[in-house]
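Asks: Residue-level listing of the chains:
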Amino acid sequence: MNTEKTPSTEVVETPVPTQQPVYDVTETPEEFVITARIPGVDRSAVETVIDGDDLVITGKRTWKQPDNWKLLHEEIPAVDYRLVLRLDHRVNRDALKAHLTNGILTVMLPKAEAVKPRRIEISS
Amino acid sequence: MKLIRYNPSLLMDPIDSLADFREEMDRFFGHTFPAFRGATSPIWSTPCPINLYREEDRYVLRAEIPGFDKKDLTLEVVDGSLILSGHSHREDKSKKLEESSEARFTRTVPLPDEVDATAIKAEYTNGVLTVTLPKRPETKPRQIAIDVK
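Chains as they are written, first to last, in the numbering used here: chain X, 1 to 124; chain Y, 1001 to 1149.
If we strip away everything but chain X, and leave its shape as in the complex, we get (with noise of 0.2 Å):
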């Protein structure tokens, strides 16, 4: 997939059937931002993980269907979710922090003060 989203994430393909949020990355000069959409997951049943180079978001649908319940219409899909983002050296992965509200989990990636812009100051 060439969805590439900034410079600093990749999306890694998933073999695994689920299905990927929607989501978006944007960036400020201190961190990146993801936001995504997981309607459905239970803040217990969120998972921010990261697994080598990769960050991995995993969310559980919550609600299940009672078995006398008859499905009528079907427009969202009974699977869990999952998003798959490469991180590259830019990331400061000690230092990542999540939230969830109303069903969209933001996800805050400070970057590397490597990167941070900075000042130089200049001598005379």
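Don't read these hints as lab results, they were simulated from the structure.
A couple of the hints might just be wrong.
To be verified - Taking lysine-lysine pairs in the BS3-like style, the calculated list, with each CA pair at most 25 Å apart, reads: (1) X:K116 to X:K60; (2) X:K97 to X:K116; (3) Y:K1135 to Y:K1121; (4) X:K60 to Y:K1135; (5) X:K60 to X:K70; (6) X:K64 to Y:K1070; (7) X:K97 to X:K111; (8) Y:K1121 to Y:K1070; (9) Y:K1071 to Y:K1149; (10) Y:K1135 to X:K64; (11) X:K70 to Y:K1121; (12) X:K64 to Y:K1121; (13) X:K70 to Y:K1135.
Chain X is fixed; fit chain Y onto it per the hints.
Replies: Chain Y alone, transformed into the frame defined by chain X:
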């Protein structure tokens, strides 16, 4: 004159293709011209996929519409249809990102006749709106005793 090859796949599911195209254009403008990011989103609505279930005495509709506050959502019954809509506009509180986000959607779902429109209930959790649509009492299956004489 330029000839364009007929592409039947575009006609397979016009709604899906349109949504894909919309997403693609949003993405294109958002990334190529970051200043357009906020400008494109209000024009295009957020998708609102739904599932509908039937139980013995009610229907249940679940709609995935993440990113809204409860107060941004509206539910109406108009002319036998349930209209779900939402509009949210927020500035980034942290001011770290120089953008604001705006999202809106509208979805109309025709209701079965047997739904009691006065007893509809809804709740919004984890970005999912769950609407409970009870059947009118007289339409619920009931057993009629037959007197044997």
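Asks: Work down the list of hints and note, for each, if the structure agrees.
Replies: Taking the hints in turn, this is what the structure says about them:
1. For the given pair, K116 (chain X) sits about 35 Å from K60 (chain X) by alpha-carbon distance, which is inconsistent with the 25 Å threshold.
2. Only pairs whose Cα atoms come within 25 Å are accepted, and K97 (chain X) paired with K116 (chain X) is accepted, the gap being roughly 18 Å.
3. For the proposed pair K1135 (chain Y) and K1121 (chain Y), the alpha carbon gap of about 12 Å is at most 25 Å, so the pair holds.
4. Between K60 (chain X) and K1135 (chain Y) the alpha-carbon distance is near 31 Å, which puts this suggested pair outside the 25 Å criterion.
5. With a C-alpha separation of about 22 Å, the suggested pair K60 (chain X) and K70 (chain X) falls inside the 25 Å cut-off, and the hint holds.
6. Between K64 (chain X) and K1070 (chain Y), the direct Cα distance comes to roughly 22 Å. Compliance with the 25 Å bound is thereby established for this hinted pair.
7. This hinted pair checks out: K97 (chain X) and K111 (chain X) have alpha carbons roughly 12 Å apart, not beyond 25 Å.
8. For the proposed pair K1121 (chain Y) and K1070 (chain Y), the alpha carbon gap of about 14 Å is at most 25 Å, so the pair holds.
9. Straight-line distance between C-alpha atoms of K1071 (chain Y) and K1149 (chain Y) comes to about 60 Å, which puts the hinted pair past the 25 Å bound.
10. Distance check on the hinted pair: K1135 (chain Y) and K64 (chain X) sit about 22 Å apart at the alpha-carbon level, within 25 Å; holds.
11. Under the criterion of a C-alpha separation no larger than 25 Å, the hint pairing K70 (chain X) with K1121 (chain Y) is consistent with the structure, at around 19 Å.
12. A C-alpha spacing of about 20 Å is found between K64 (chain X) and K1121 (chain Y), which places the hinted pair at or below 25 Å, so the restraint holds.
13. Between K70 (chain X) and K1135 (chain Y), the direct Cα distance comes to roughly 15 Å. Compliance with the 25 Å bound is thereby established for this hinted pair.
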